[in-house]
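**Student:** I would like the entire structure built from these sequences, with the hints used as guidance.
Given next are the chains, with one letter for each unit.
There are 4 protein chains.
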Amino acid sequence: MMTGINNCGILGGDRRQIALAEQLAAAGFQGYICGFDGVTFTGNVHKTTLGEMIRLCNIIILPLPVTDDGKHLKMDFSEKKIVLNDEFAEKMRGKRVIGGMMDRLYCTSSVWKQIQTDDYSVREEFAVRNAVPTAEGAIEIAMREYSGTVSGSRCLVAGFGRVGKVLSRMLHGLGAEVTVSARKPADIAWIKSCGYHSVQTENIGGGEYDIIFNTIPALIFDRPVLSSLSGCSLLIDLASAPGGVDYSAAEDTGIRALLAPSLPGRVAPKTAGAIILDTVCHIMEE
Amino acid sequence: MMTGINNCGILGGDRRQIALAEQLAAAGFQGYICGFDGVTFTGNVHKTTLGEMIRLCNIIILPLPVTDDGKHLKMDFSEKKIVLNDEFAEKMRGKRVIGGMMDRLYCTSSVWKQIQTDDYSVREEFAVRNAVPTAEGAIEIAMREYSGTVSGSRCLVAGFGRVGKVLSRMLHGLGAEVTVSARKPADIAWIKSCGYHSVQTENIGGGEYDIIFNTIPALIFDRPVLSSLSGCSLLIDLASAPGGVDYSAAEDTGIRALLAPSLPGRVAPKTAGAIILDTVCHIMEE
Amino acid sequence: MMTGINNCGILGGDRRQIALAEQLAAAGFQGYICGFDGVTFTGNVHKTTLGEMIRLCNIIILPLPVTDDGKHLKMDFSEKKIVLNDEFAEKMRGKRVIGGMMDRLYCTSSVWKQIQTDDYSVREEFAVRNAVPTAEGAIEIAMREYSGTVSGSRCLVAGFGRVGKVLSRMLHGLGAEVTVSARKPADIAWIKSCGYHSVQTENIGGGEYDIIFNTIPALIFDRPVLSSLSGCSLLIDLASAPGGVDYSAAEDTGIRALLAPSLPGRVAPKTAGAIILDTVCHIMEE
Amino acid sequence: MMTGINNCGILGGDRRQIALAEQLAAAGFQGYICGFDGVTFTGNVHKTTLGEMIRLCNIIILPLPVTDDGKHLKMDFSEKKIVLNDEFAEKMRGKRVIGGMMDRLYCTSSVWKQIQTDDYSVREEFAVRNAVPTAEGAIEIAMREYSGTVSGSRCLVAGFGRVGKVLSRMLHGLGAEVTVSARKPADIAWIKSCGYHSVQTENIGGGEYDIIFNTIPALIFDRPVLSSLSGCSLLIDLASAPGGVDYSAAEDTGIRALLAPSLPGRVAPKTAGAIILDTVCHIMEE
Numbered sequence: 001m002m003t004g005i006n007n008c009g010i011l012g013g014d015r016r017q018i019a020l021a022e023q024l025a026a027a028g029f030q031g032y033i034c035g036f037d038g039v040t041f042t043g044n045v046h047k048t049t050l051g052e053m054i055r056l057c058n059i060i061i062l063p064l065p066v067t068d069d070g071k072h073l074k075m076d077f078s079e080k081k082i083v084l085n086d087e088f089a090e091k092m093r094g095k096r097v098i099g100g101m102m103d104r105l106y107c108t109s110s111v112w113k114q115i116q117t118d119d120y121s122v123r124e125e126f127a128v129r130n131a132v133p134t135a136e137g138a139i140e141i142a143m144r145e146y147s148g149t150v151s152g153s154r155c156l157v158a159g160f161g162r163v164g165k166v167l168s169r170m171l172h173g174l175g176a177e178v179t180v181s182a183r184k185p186a187d188i189a190w191i192k193s194c195g196y197h198s199v200q201t202e203n204i205g206g207g208e209y210d211i212i213f214n215t216i217p218a219l220i221f222d223r224p225v226l227s228s229l230s231g232c233s234l235l236i237d238l239a240s241a242p243g244g245v246d247y248s249a250a251e252d253t254g255i256r257a258l259l260a261p262s263l264p265g266r267v268a269p270k271t272a273g274a275i276i277l278d279t280v281c282h283i284m285e286e
Numbered sequence: 001m002m003t004g005i006n007n008c009g010i011l012g013g014d015r016r017q018i019a020l021a022e023q024l025a026a027a028g029f030q031g032y033i034c035g036f037d038g039v040t041f042t043g044n045v046h047k048t049t050l051g052e053m054i055r056l057c058n059i060i061i062l063p064l065p066v067t068d069d070g071k072h073l074k075m076d077f078s079e080k081k082i083v084l085n086d087e088f089a090e091k092m093r094g095k096r097v098i099g100g101m102m103d104r105l106y107c108t109s110s111v112w113k114q115i116q117t118d119d120y121s122v123r124e125e126f127a128v129r130n131a132v133p134t135a136e137g138a139i140e141i142a143m144r145e146y147s148g149t150v151s152g153s154r155c156l157v158a159g160f161g162r163v164g165k166v167l168s169r170m171l172h173g174l175g176a177e178v179t180v181s182a183r184k185p186a187d188i189a190w191i192k193s194c195g196y197h198s199v200q201t202e203n204i205g206g207g208e209y210d211i212i213f214n215t216i217p218a219l220i221f222d223r224p225v226l227s228s229l230s231g232c233s234l235l236i237d238l239a240s241a242p243g244g245v246d247y248s249a250a251e252d253t254g255i256r257a258l259l260a261p262s263l264p265g266r267v268a269p270k271t272a273g274a275i276i277l278d279t280v281c282h283i284m285e286e
Numbered sequence: 001m002m003t004g005i006n007n008c009g010i011l012g013g014d015r016r017q018i019a020l021a022e023q024l025a026a027a028g029f030q031g032y033i034c035g036f037d038g039v040t041f042t043g044n045v046h047k048t049t050l051g052e053m054i055r056l057c058n059i060i061i062l063p064l065p066v067t068d069d070g071k072h073l074k075m076d077f078s079e080k081k082i083v084l085n086d087e088f089a090e091k092m093r094g095k096r097v098i099g100g101m102m103d104r105l106y107c108t109s110s111v112w113k114q115i116q117t118d119d120y121s122v123r124e125e126f127a128v129r130n131a132v133p134t135a136e137g138a139i140e141i142a143m144r145e146y147s148g149t150v151s152g153s154r155c156l157v158a159g160f161g162r163v164g165k166v167l168s169r170m171l172h173g174l175g176a177e178v179t180v181s182a183r184k185p186a187d188i189a190w191i192k193s194c195g196y197h198s199v200q201t202e203n204i205g206g207g208e209y210d211i212i213f214n215t216i217p218a219l220i221f222d223r224p225v226l227s228s229l230s231g232c233s234l235l236i237d238l239a240s241a242p243g244g245v246d247y248s249a250a251e252d253t254g255i256r257a258l259l260a261p262s263l264p265g266r267v268a269p270k271t272a273g274a275i276i277l278d279t280v281c282h283i284m285e286e
Numbered sequence: 001m002m003t004g005i006n007n008c009g010i011l012g013g014d015r016r017q018i019a020l021a022e023q024l025a026a027a028g029f030q031g032y033i034c035g036f037d038g039v040t041f042t043g044n045v046h047k048t049t050l051g052e053m054i055r056l057c058n059i060i061i062l063p064l065p066v067t068d069d070g071k072h073l074k075m076d077f078s079e080k081k082i083v084l085n086d087e088f089a090e091k092m093r094g095k096r097v098i099g100g101m102m103d104r105l106y107c108t109s110s111v112w113k114q115i116q117t118d119d120y121s122v123r124e125e126f127a128v129r130n131a132v133p134t135a136e137g138a139i140e141i142a143m144r145e146y147s148g149t150v151s152g153s154r155c156l157v158a159g160f161g162r163v164g165k166v167l168s169r170m171l172h173g174l175g176a177e178v179t180v181s182a183r184k185p186a187d188i189a190w191i192k193s194c195g196y197h198s199v200q201t202e203n204i205g206g207g208e209y210d211i212i213f214n215t216i217p218a219l220i221f222d223r224p225v226l227s228s229l230s231g232c233s234l235l236i237d238l239a240s241a242p243g244g245v246d247y248s249a250a251e252d253t254g255i256r257a258l259l260a261p262s263l264p265g266r267v268a269p270k271t272a273g274a275i276i277l278d279t280v281c282h283i284m285e286e
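Residue numbers (our numbering), protein chains in the order written: chain L, 1 to 286; chain A, 1 to 286; chain G, 1 to 286; chain D, 1 to 286.
Where hints are given, some of them may not hold.
Chain copies aren't distinguished; within one or between two, either way the pair holds.
Computed list of lysine to any residue pairs in SDA-like fashion (alpha-carbon distance at most 20 Å, straight line) [what the hints assert, rightly or not]: (1) Lys71 x Arg154; (2) Lys192 x Glu125; (3) Lys113 x Tyr209; (4) Lys192 x Ala127; (5) Lys184 x Ala218; (6) Lys192 x Arg256; (7) Lys184 x Val122; (8) Lys184 x Gly161; (9) Lys184 x Ser110; (10) Lys47 x Asn58; (11) Lys192 x Tyr209.
These are computed hints drawn from the structure, not numbers from a lab.
**Tutor:** Below you can see the structure in the form of structure tokens.
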């Protein structure tokens, strides 16, 4: 793992970076971290200032997303703020900088064009692996909010992308009666081959479901569709903002609709940190 | 379902009885209920006083357990109290009374010997079906409390009884790496045939697990065993009180141990209510 | 494994005993075998005469069943015959003799009362483990004989005993739509909890199935039931002789009914041999 | 299904076309068929001469592949031969002609450029659905040829394309210990998320497997790799000809290697016929 990495600095982030730092240290590497003021680390994790990190490390790992507001580095565990500008970028010259949603960083300074950067969040294997904590987070919500058991319930998974694939397999494994929606004949064929019921996404309306999981980033669950699904009591929306549900119509029709974004970091920071670490390793090895 | 039942009274209980009453009504029967002061019911559920229920109903369904303290009827949703004594039993003369853990009721009056009673909680199919909400409740706790994903984690299920069987299948279906402990060679053979790892219960110590679920009502997880399981961060104890864990030793060894009793009624009252209803129906049909 | 066994003799049998001998040898033990004239063994398996085996071995493993005709030892791979009588039993004095369906042996001589014998075929774990090759053999037949795929087909498993449990899980895992029949409410509850459809055994008639697997040793599939299942094209009868099907009626109604007994030894002798070996080991350890 | 089709002719083929014709008839359509001399059909299937079919039908369904030798129509059930040339193509003028591997047909006459043709065999959903009978056929071979049970055996699936995906899920469902090989990090992530072991395809050598399934159409199993897999006794090659195995080296190393092409039509003609029919319907509806 990460052969030849002597000095790796983790700069900013949330609980995923805490897990990442501890896993890096557990693997036998020196881990430097900055931006986690009140956090106590175990093992070979060393807290540094930004200056020390620049001096000691040739690889810098940034959070996902690298910034929430477009102006400051994401640092959930620090009172201080690091401004993203030319000055910050200049400090990174000569280093390898790897972060998530890096487009937001590139907007903050033209200096980044001259620095070797990579984005772990755009990698296919990163997205695939994050589908697991996303699906599991959705199931946890369903178990908590639904008044029956997920096992034996009629679940609709709208969309058969990465999250849809993992989520439908887990629900099936729990014993739910799973229907999955898709548009393409090949996806419908895959859905059937897995032993799930299938439905064309445009024909979702009128179905009988106890719990609905939406993974499609488009307004599939509009007022007419929601009105036709009155037997359903819970709709969990996993699509990235603004989601795929008319929340006002959901309220009117008596369906509890919950927007559940960013599940991996919230429900399984340890796993989410490991996914970042593994993806960074793949990037380094290439 | 329940052919010939004209008048069924639900007396006392918790959220399971609310679900039970609504399902009975949804099935087309008149449902009478007493002991749910602030609760609003839908459909054909009629709130009554105890006196009215005695007058109207020939079948009375009591809660599980019929009493918590041995002296009063379990009534979680009422300020009032109904004392269990000869007077109460006399009121039930001529009726068919069906409840859970009825031994506790029989202790309160010798009159019960002269009344037709049944206990749904001792039925095998009742226990089997309740294993599903119990297992699902345990998984919900694991998902919430464990910092990684259950999928991919190393889980030990101690005991291969009803809950152990359902729980191990669900964990396997979620993608966990499942080890199950048992004592009998035939159970070990069953465990292997399901594709799980097996371990003799007496050899649980020293194993490498992320999450442990105990279903055995005996002190399996004592100080020596807990000390040998230091990689484990979470232990969920599903055994009935007093459980199967030395909680003081768990704290000392850094393992979070959680006692999780009575899961069906808490996590899935709708399902738990349906299970009571179906079992009562089986009793009536025999 | 089998600590303290210096000299173990395998006397008679079929392909399972060949596998058993080679596995015993592969585990580092001296294996002596008699009754396999034309068979070439690998490793530490030594062919002996009966006389040599008596002289060298203190443990003798007999086949399953120990005899087919009640008079001679089962020896599928030998031209010679060993008669089961007082003389044979006398030779076994002082030895530990372990075989399958030993009741048939005890009938051949009263001397057996004075010899330490065990029957591996009556052990619960033996029956559980043999359910796997039995179920897999049944699926192989279904795949070969059914003109569609088992995946996606509507399968009925009649009976929820050991073979029924394993078979229904495998069919479900292959993607079949599985219905299981049982009589007891608790079994029906188990079936539902696994995500299968359930049916009361007495109500099997009239169902729509592509393939039926019978595991019930009673005449469930009589003429009236078979006549009501005309959509079914294949019925595989796993019940021990005489099976559970009216074969004449099956022919009349156009259902191909196949009696498939003794599957483990025929389809998976290696696994079946390992199951005998493991069970013998359990017996020795007790 | 197939709205507006009055007259559909099935010309040539194998057992799949027999199933296709009977399913078309069972769905209520007039089915005309030519090229099945000795076959008796049920229901609304009408045998015709080629001339009659030309006169009666506006849609013609050709076999998969449309020709084996490049010169004659594939007609496994007829003594007669239909030559593929300009004359044959001229007869199809004005009709809609749908077949499999149609490139081979287009080579036989330039007239085809002026005819509306479609190829069902190049459709994604066709390939997806055929993965099911292919995988099941492979499992049937494994069950028949392997001396143990597939359940509990260590299986390697080389390649995570369509067949690899379905095959690994079925093997897992049967209880095998499944390892899947792939090259891309995203595929490795998918494999792990399904609960299988993963291995880089280039690192297959040296692994410990009982049964190997190859789905990769490249020489993965060459002499060095095969020599390093001596524990393996059975290798089933599902890659299209010439397959992915050095068969001479396999023989030298004691591994039974079986080439198993064209499984859908051979093991599950009924399912394979239904897949052709459904795909033709999709083509007609577009």
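**Student:** Each hint should be assessed against the structure and marked as holding or not.
**Tutor:** Against the structure, the hints come out as follows:
1. Lys71 x Arg154: neither (45 Å within a copy, 41 Å between copies)
2. Lys192 x Glu125: between (25 Å within a copy, 11 Å between copies)
3. Lys113 x Tyr209: neither (50 Å within a copy, 46 Å between copies)
4. Lys192 x Ala127: For Lys192 and Ala127, only the inter-copy Cα distance (13 Å) is at most 20 Å; the intra-copy one is 24 Å.
5. Lys184 x Ala218: For Lys184 and Ala218, only the intra-copy Cα distance (16 Å) is at most 20 Å; the inter-copy one is 30 Å.
6. Lys192 x Arg256: neither (29 Å within a copy, 28 Å between copies)
7. Lys184 x Val122: between (24 Å within a copy, 15 Å between copies)
8. Lys184 x Gly161: both (12 Å within a copy, 18 Å between copies)
9. Lys184 x Ser110: neither (42 Å within a copy, 33 Å between copies)
10. Lys47 x Asn58: So Lys47 and Asn58 pass the 20 Å test inside one copy only (16 Å; across, 69 Å).
11. Lys192 x Tyr209: both (18 Å within a copy, 18 Å between copies)
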